[in-house]
Amino acid sequence: GAGVSQSPRYKVAKRGQDVALRCDPISGHVSLFWYQQALGQGPEFLTYFQNEAQLDKSGLPSDRFFAERPEGSVSTLKIQRTQQEDSAVYLCASSPGLAGITDTQYFGPGTRLTVL
Amino acid sequence: AQKITQTQPGMFVQEKEAVTLDCTYDTSDQSYGLFWYKQPSSGEMIFLIYQGSYDEQNATEGRYSLNFQKARKSANLVISASQLGDSAMYFCAMREGMAGGSYIPTFGRGTSLIVHP
Chain W
2 GAGVSQSPRY
12 KVAKRGQDVA
22 LRCDPISGHV
32 SLFWYQQALG
42 QGPEFLTYFQ
52 NEAQLDKSGL
62 PSDRFFAERP
72 EGSVSTLKIQ
82 RTQQEDSAVY
92 LCASSPGLAG
102 ITDTQYFGPG
112 TRLTVL
Chain G
23 AQKITQTQPG
33 MFVQEKEAVT
43 LDCTYDTSDQ
53 SYGLFWYKQP
63 SSGEMIFLIY
73 QGSYDEQNAT
83 EGRYSLNFQK
93 ARKSANLVIS
103 ASQLGDSAMY
113 FCAMREGMAG
123 GSYIPTFGRG
133 TSLIVHP
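So the protein lines, in turn, are chains W and G.
Just so we're aligned: the first sequence equals residues 2 to 117 in this note's numbering.
Just so we're aligned: the second sequence equals residues 23 to 139 in this note's numbering.
In short, the hints are calculated from the structure, not lab data.
Please note that the accuracy of each hint is not assured.
[Claimed, not checked] Okay, the calculated bits of chain G under chain W, using three or more residues with CB under 8 Å as the criterion: (1) 65 to 71; (2) 76 to 90; (3) 129 to 135.
Idealized CB from N, CA, C, for every residue including glycine.
One chain only, chain W, in its complex shape (with noise of 0.2 Å):
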């Protein structure tokens, strides 16, 4: 059974240019979370998926990031016009359940973005 996947590992964007970030979940699992991991820094909540639907993305920082999962599996986090502050890890997290207190997390390895 395979894990969490994202692509690409790595990343480097010039300050400006729009980036996608995949996520390609735990098949079956029904949440789906994104998280920027600054360095030194635990993960920090960017936006939480049930299914296809995007229930909650108030860690989103601005409006040029957006994120879709339309067929309710793999997932997408776009960057625009991408700002050195981006420069993060990207981690996608799935779980089977609907995110309650004992749905344990599982973790993909991560994007690294790094922006000049």
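On the provided structure of chain W, position chain G as indicated by the hints.
Below, chain G without anything else, positioned relative to chain W:
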């Protein structure tokens, strides 16, 4: 106020010894879950252990155990018989009940563990 506090930025332990990584949390909910994750240099967050607020016994998973002290709001991770492969960042996280908060897990800043031979 920080919901999850990990006060040890770095810890060193000798191979085969036990080590305790501290985690304190802050919540007004009665129902919550506590998680520990390991993040090696490869970057992937690996789930280690879970403790529910209503669980009467401390959680254990192989060499990992959670020293849960509810009154003190602490959930320390104990790793027994440390191995060189245990060297990594360790994150404590909490998910609060729907009544008092959100389903969004909150992570601490992590503790870097180095196991030396």
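ask   = So which of those numbered hints doesn't the model satisfy?
value = Of the numbered hints, just 2 does not hold.
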